[in-house]
Amino acid sequence: MASLKERDTVAPAEIVAGVTASGPAGISAEELHKVLNSSEHASVVVVDVRNADEYASFHIPGSINKPFQELNFAQLADEVAAHTNHAAHMLVFVSAQSPDVDDLAAREYINEYEKSHAATPTKDSVRVLLGGLYTWSQIYSA
Numbered sequence: 001m002a003s004l005k006e007r008d009t010v011a012p013a014e015i016v017a018g019v020t021a022s023g024p025a026g027i028s029a030e031e032l033h034k035v036l037n038s039s040e041h042a043s044v045v046v047v048d049v050r051n052a053d054e055y056a057s058f059h060i061p062g063s064i065n066k067p068f069q070e071l072n073f074a075q076l077a078d079e080v081a082a083h084t085n086h087a088a089h090m091l092v093f094v095s096a097q098s099p100d101v102d103d104l105a106a107r108e109y110i111n112e113y114e115k116s117h118a119a120t121p122t123k124d125s126v127r128v129l130l131g132g133l134y135t136w137s138q139i140y141s142a
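By the UniProt record's numbering, the letter at position 119 of the sequence shown is numbered 119, and the numbering carries on one by one without gaps.
Treat each hint with caution, since some may be false.
Straight-line Cα separation of at most 30 Å, DSS-like style, residue types lysine-lysine; simulated pairs [claimed, not checked]:
1) Lys115 <-> Lys66
2) Lys66 <-> Lys123
3) Lys34 <-> Lys123
Label pairs and their calculated CB-CB ranges [stated by the list, open to error]:
4) Ala118 <-> Pro61: 16 to 24 Å
5) Ser116 <-> Asp53: 26 to 34 Å
6) Pro67 <-> Ser141: 22 to 30 Å
7) Thr122 <-> Ser28: 17 to 25 Å
8) Glu40 <-> Ile139: 13 to 21 Å
9) Asn51 <-> Gln75: 15 to 23 Å
10) Asn51 <-> Asp78: 17 to 25 Å
11) Ala118 <-> Ser38: 28 to 36 Å
No wet-lab data here; the hints were simulated from the structure. Beta carbons are placed, not taken as given, at the ideal position from N, Cα and C, and that holds for glycine.
From just these sequences and the hints, can you work out the full model?
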């Protein structure tokens, strides 16, 4: 199994056509840690898009594992829409290093949300963890 540092990243050319051009906002490891340890944590969903083995070896406490290859973006968009009821929320996609499939997953999610709900998620409601879990692990090692 490759370490977090050894993981490949997705080059911009690999971002597929049809994904919205507006990208997700970034969030630093420190900012995410602060939010997860505050009263706002209930409104944050951290989606780890790595495979199950990588997730099992290390992950952000409270995150959910939705491997990118298995992620149903329409279903995720519906789940988020049903549970937020326009309340403030934040969906954070994470991968080994960012930009990686986390950025692609966030873009796919935004695209699907726009198609299925005829609305664009608010600017800061969809984010990617800057530097990915590699950066998180350097600061908050298990």
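Hint by hint, here is what the structure shows:
1. Lys115 <-> Lys66: 21 Å, holds
2. Lys66 <-> Lys123: 22 Å, holds
3. Lys34 <-> Lys123: 19 Å, holds
4. Ala118 <-> Pro61: 16 to 24 Å: 35 Å, violated
5. Ser116 <-> Asp53: 26 to 34 Å: 31 Å, holds
6. Pro67 <-> Ser141: 22 to 30 Å: 23 Å, holds
7. Thr122 <-> Ser28: 17 to 25 Å: For serine 28 against threonine 122, whose Cβ atoms are near 19 Å apart, the range 17 to 25 Å holds.
8. Glu40 <-> Ile139: 13 to 21 Å: 19 Å, holds
9. Asn51 <-> Gln75: 15 to 23 Å: At 19 Å between Cβs, range holds.
10. Asn51 <-> Asp78: 17 to 25 Å: Hint holds: Cβ distance 24 Å, inside 17 to 25 Å.
11. Ala118 <-> Ser38: 28 to 36 Å: Given a distance of about 32 Å, which is inside 28 to 36 Å, the answer is holds.
The structure is inconsistent with hint 4 alone, although it conforms to all the rest.
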